[in-house]
Amino acid sequence: MKPLALLFVVAGLALIGWLTARARANHFLRTATRSSSLPGHHGWYVALWTLIPPLIFLALWSTVAPALVTDAVLATPAAAALPPQGFARATILSEARALGAGRAYGAFHALAETLAPAYAAAQTRFDWIATALALALAFAGGAFAFVRVRPGFAARTRVERIVMGALLAASLIAILTTIGIVASLLYESARFFAIVPLTDFLFGTHWSPQVVDPRDPGASLGALPLFWGTFFIGAVIAMAVAIPFGLMSAIYLTQYARPATRRWIKPMLEMLAGVPTVVYGYFAALTVAPAVRSLGVTLGIPWASSESALAAGLVMGVMIIPFVSSMADDSLAAVPGTMRDGSLALGATVSETIRKVLLPAALPGVVGGILLAISRAIGETMIVVMAASGVATLTANPFASATTVTRQIVDLLTGEAAFDSAKTLAAFALGLTLFVVTLLLNIVALSVVKTYREAYE
Amino acid sequence: MIASPSPTATMPPPKMTARDVCVAYGDKTAIDHVSIDIEQDRVIAFIGPSGCGKSTFLRTLNRMNDTIASARVAGDIRLDGQDIYAPEMDVVQLRARVGMVFQKPNPFPKSIYENVAYGPRIHGLARGKAELEATVERSLTRAGLWNEVKDRLSDSGTALSGGQQQRLCIARAIAVDPEVILMDEPCSALDPIATAKIEELIHELRGRYAIAIVTHNMQQAARVSQRTAFFHLGTLVEYGATSDIFTNPRQERTKDYITGRYG
Numbered sequence: 001m002k003p004l005a006l007l008f009v010v011a012g013l014a015l016i017g018w019l020t021a022r023a024r025a026n027h028f029l030r031t032a033t034r035s036s037s038l039p040g041h042h043g044w045y046v047a048l049w050t051l052i053p054p055l056i057f058l059a060l061w062s063t064v065a066p067a068l069v070t071d072a073v074l075a076t077p078a079a080a081a082l083p084p085q086g087f088a089r090a091t092i093l094s095e096a097r098a099l100g101a102g103r104a105y106g107a108f109h110a111l112a113e114t115l116a117p118a119y120a121a122a123q124t125r126f127d128w129i130a131t132a133l134a135l136a137l138a139f140a141g142g143a144f145a146f147v148r149v150r151p152g153f154a155a156r157t158r159v160e161r162i163v164m165g166a167l168l169a170a171s172l173i174a175i176l177t178t179i180g181i182v183a184s185l186l187y188e189s190a191r192f193f194a195i196v197p198l199t200d201f202l203f204g205t206h207w208s209p210q211v212v213d214p215r216d217p218g219a220s221l222g223a224l225p226l227f228w229g230t231f232f233i234g235a236v237i238a239m240a241v242a243i244p245f246g247l248m249s250a251i252y253l254t255q256y257a258r259p260a261t262r263r264w265i266k267p268m269l270e271m272l273a274g275v276p277t278v279v280y281g282y283f284a285a286l287t288v289a290p291a292v293r294s295l296g297v298t299l300g301i302p303w304a305s306s307e308s309a310l311a312a313g314l315v316m317g318v319m320i321i322p323f324v325s326s327m328a329d330d331s332l333a334a335v336p337g338t339m340r341d342g343s344l345a346l347g348a349t350v351s352e353t354i355r356k357v358l359l360p361a362a363l364p365g366v367v368g369g370i371l372l373a374i375s376r377a378i379g380e381t382m383i384v385v386m387a388a389s390g391v392a393t394l395t396a397n398p399f400a401s402a403t404t405v406t407r408q409i410v411d412l413l414t415g416e417a418a419f420d421s422a423k424t425l426a427a428f429a430l431g432l433t434l435f436v437v438t439l440l441l442n443i444v445a446l447s448v449v450k451t452y453r454e455a456y457e
Numbered sequence: 001m002i003a004s005p006s007p008t009a010t011m012p013p014p015k016m017t018a019r020d021v022c023v024a025y026g027d028k029t030a031i032d033h034v035s036i037d038i039e040q041d042r043v044i045a046f047i048g049p050s051g052c053g054k055s056t057f058l059r060t061l062n063r064m065n066d067t068i069a070s071a072r073v074a075g076d077i078r079l080d081g082q083d084i085y086a087p088e089m090d091v092v093q094l095r096a097r098v099g100m101v102f103q104k105p106n107p108f109p110k111s112i113y114e115n116v117a118y119g120p121r122i123h124g125l126a127r128g129k130a131e132l133e134a135t136v137e138r139s140l141t142r143a144g145l146w147n148e149v150k151d152r153l154s155d156s157g158t159a160l161s162g163g164q165q166q167r168l169c170i171a172r173a174i175a176v177d178p179e180v181i182l183m184d185e186p187c188s189a190l191d192p193i194a195t196a197k198i199e200e201l202i203h204e205l206r207g208r209y210a211i212a213i214v215t216h217n218m219q220q221a222a223r224v225s226q227r228t229a230f231f232h233l234g235t236l237v238e239y240g241a242t243s244d245i246f247t248n249p250r251q252e253r254t255k256d257y258i259t260g261r262y263g
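Those protein sequences? They're chains A and B, same order as listed. According to my numbering, the stretch in the first sequence is residues 1 to 457, in order. According to my numbering, the stretch in the second sequence is residues 1 to 263, in order.
Hints listed in this document are in silico derivations from the structure and should not be mistaken for laboratory results. Heads up, some of the hints might be wrong.
16 angstroms max Cα-Cα, derived EDC-like pairs, lysine to aspartate or glutamate [to be verified]:
| hint | chain 1 | residue 1 | chain 2 | residue 2 |
| --- | --- | --- | --- | --- |
| 1 | A | LYS356 | B | GLU114 |
| 2 | B | LYS104 | A | ASP341 |
| 3 | A | LYS423 | A | ASP200 |
Here the structure is a predicted model, which means the values were calculated and not measured.
Produce the complete structure using the sequences and hints provided.
This is how it looks when you write it as structure tokens:
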């Protein structure tokens, strides 16, 4: 039986288990005075016992079945003609597999054609074994559960426990995925640092991954200009835009705007956060970058780049405004209203109250928000891919071209280099560095915000 | 208007006068035609059940109701004969002259020193550091807090106990040299000992400022005030010498309230 059909059959069995167990429970609960579980709980108990064991079995099976099928095919006499280990052998086997499953209609290798029937036969045989085992497990589980459906049986607590288990598993998936990502980053970065010394990578000032000298790969893989460019675009230029405008809009919205005004300005501001970053990207590349360049030329910088740090940073700053604004908005709103009244009652004006009482009181929250905004800005990719330069220069001139870590990762991985070259592995080292920095920023920001919240609760 | 017998014949003109004051929040009337005098060097207590409008009336006296968008004030309120709702009245100046202490102590999250220095700084009252320090010390002394905090002026104001925080707020109000001090249930968040200290302080401050205090506590009104106004459902029911209100109320509703029939 095909896996999908098998799933439907198992689900059908679970449904039958649910119905019969419920009917049985209904029957005996009519006579029992009081039971810990409703008939539905008994139904779910049997249904879950019918469903879960075959599902677990099938999940495990699907990981080992292909290997079992291939082993069976290799045991046939026709397989003796296969070339030894290597690329050709794998190609023939995968062609034969596709033919056997009916996913292809011809093959380049004649041998694949002869092996195809063996594949089909082996696949069918193992599918039947899987079906038989899964159904046996479903029946066994269902029967085990069904005989336990008795008046005094606490089906409710067991079902609740299974539900809790499912919820726990759901929350673990995100964590496990993160751990997996970090592990792969660490693994690939370790391979990179086996080729390039850590100090060359972190402190080297020359970055030209297109021409890596195999005798001294570290000489052209110094990532300092990248770190500087990322910091300059994301934390300096973007923040120079996002912090003042974000803060001022938060102050206006929380302190001056009438409720009606706030009701339509705030959602509009938050809509900025919903614009796809690729749209910001071409806005930066097509509109802002030429304008910045001509501004530079007007100011007397004839070599002003059309891929300037300023263009990418400005647009990134605009993108971050709603983020800073909403964090600052929350922090200002968290300052008790009595604080504001106290200051106003002393004869302070609204702006004195904001500057001298509300902002200092909200400062930790605002700082936390800014740190989170920076961590977002330096991880931002699409805008810099489209608007920033690919050339790494160590410059503090906003009209000069600059590149960022994320931009370089994209460039390194979209090339055609082999996956074990220093050039490609450098992408993972860059990714790891970025990950560590944003992680630290987030930890610091969240702890700052947390201590601040505690101060007012 | 309810006529009020003057307790003494040689009274100076009242510091503040309120005539036919009405306040509405949206289309809901909170205060209906209230007329009261607030006299120099006296304490007037506003009593009445919750929601009777006594706090709302207090907040009209330094225009704190301006901060509530839906509030509208009608009537005539004068400070030294000057209409405080007149267009040429500077609300900043008004609030410097009519200070306020709130129900819940609300020191700023700054040091004790900075809390008190805040008002003089924004009004430019002190020339130089020495003068500011003198103002802070004088204010804290008058608020009866100096001896408790003189060695830790740089500690946060929010680290003080509730009663100390409230006295810090009083010191903060005194520091801008007001003529009138409004107190909105200043002891309702405090324990009995802290309350006694605040009441003692009100006695001491009486000779210097006109004081209006809103209170739920009738014993407190009897202890600290010379005149009492009883509010009910947004109207001023009775207004006169505290001793008269508590021993010989003229209105049935006042009598019912002070004898605990409702409230």
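Comparing the hints with the structure gives:
no., hint, result
1, LYS356/A to GLU114/B, "11 angstroms, holds"
2, LYS104/B to ASP341/A, "11 angstroms, holds"
3, LYS423/A to ASP200/A, "14 angstroms, holds"
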